[in-house]
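Enquirer: These are the residues of each chain, in order.
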Amino acid sequence: MRRAESPPAKVAARSRWGRWPRVALFAGGAAYAWFAAGSRPFSTGGDAATAGAFALMAVLAAVVRVTDTQAVSRPPPAKGRLLAWVVAVACMVGWELATLFAGNSHLFPTASDLYNAAASSRLAKSVVFYLWLLLGWGLFGR
Amino acid sequence: MSRDLALEIWCAVALGLVSCVVLARVTGGRYATLRRVLHLLTATRPRTAAAFLGWMWVGWHLFAR
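Order-wise, the sequence lines are chains W and E.
Take the first sequence: its position 44, counting from 1, is numbered 44 in the numbering used here, and each next residue is one higher.
Take the second sequence: its position 29, counting from 1, is numbered 29 in the numbering used here, and each next residue is one higher.
The set of hints was computed from the structure by calculation and includes no laboratory data.
We treat Cβ as the ideally placed atom computed from N, Cα and C, and that holds for glycine.
Be careful, since some hints might not be right.
[Said to hold, decoys possible] What follows is a set of in silico ranges between Cβ atoms, one per label pair, in the way DEER data are often shown:
| hint | chain 1 | residue 1 | chain 2 | residue 2 | range |
| --- | --- | --- | --- | --- | --- |
| 1 | W | S43 | E | T27 | 40 to 50 Å |
| 2 | E | A49 | W | C91 | 19 to 29 Å |
| 3 | E | T44 | W | A78 | 36 to 46 Å |
| 4 | W | V63 | E | D4 | 41 to 51 Å |
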């Protein structure tokens, strides 16, 4: 007779936050990204919106650590080969450095140049801001 | 080398990162998932601190300065 298997990490991670708090959190993040995308770089508003995201992420990460009583018993994500990630990130960093040192931002745009072109649209800027918040949540909030 | 080629290389780089996510899913754990990579980046306190500084720098660079 087979023993009952322990729930996978994904299920455990989902059970930490209820459905509606998660929906509210992600919707709040989207609203904040839209609000922040309305500010301009090199302005007090831009500084405040970005610093506000730092503070919110730090508070959320602290709350998760304090309230997460299952953290010790939760299994880490399954191991797998990292080679593909290492190659992909090395290519990204390599190409970014190559474009940076090429010195011609029109012929060889860096990631920042591409972002600056996209950021003239508030929607595009808010999407990038939201992705940045999601990355922060993935790193510090889970 | 033209601007178009430079942009195509950026597209290939982005596609490579997306491919890593897809590869992890379709191979059933043979390759590391994004969740695993993020977990490794914050596995210890020094790594978490470094990751937080890096994340803050990206945000400051893109949205504030």
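Enquirer: For every hint, state whether the structure bears it out.
Expert: Going through the hints against the structure:
{"no.": "1", "hint": "W:S43 - E:T27: 40 to 50 Å", "in the structure": "holds (46 Å)"}
{"no.": "2", "hint": "E:A49 - W:C91: 19 to 29 Å", "in the structure": "holds (27 Å)"}
{"no.": "3", "hint": "E:T44 - W:A78: 36 to 46 Å", "in the structure": "violated (20 Å)"}
{"no.": "4", "hint": "W:V63 - E:D4: 41 to 51 Å", "in the structure": "holds (47 Å)"}
The structure does not agree with numbered hint 3 stated previously, though it agrees with all others.
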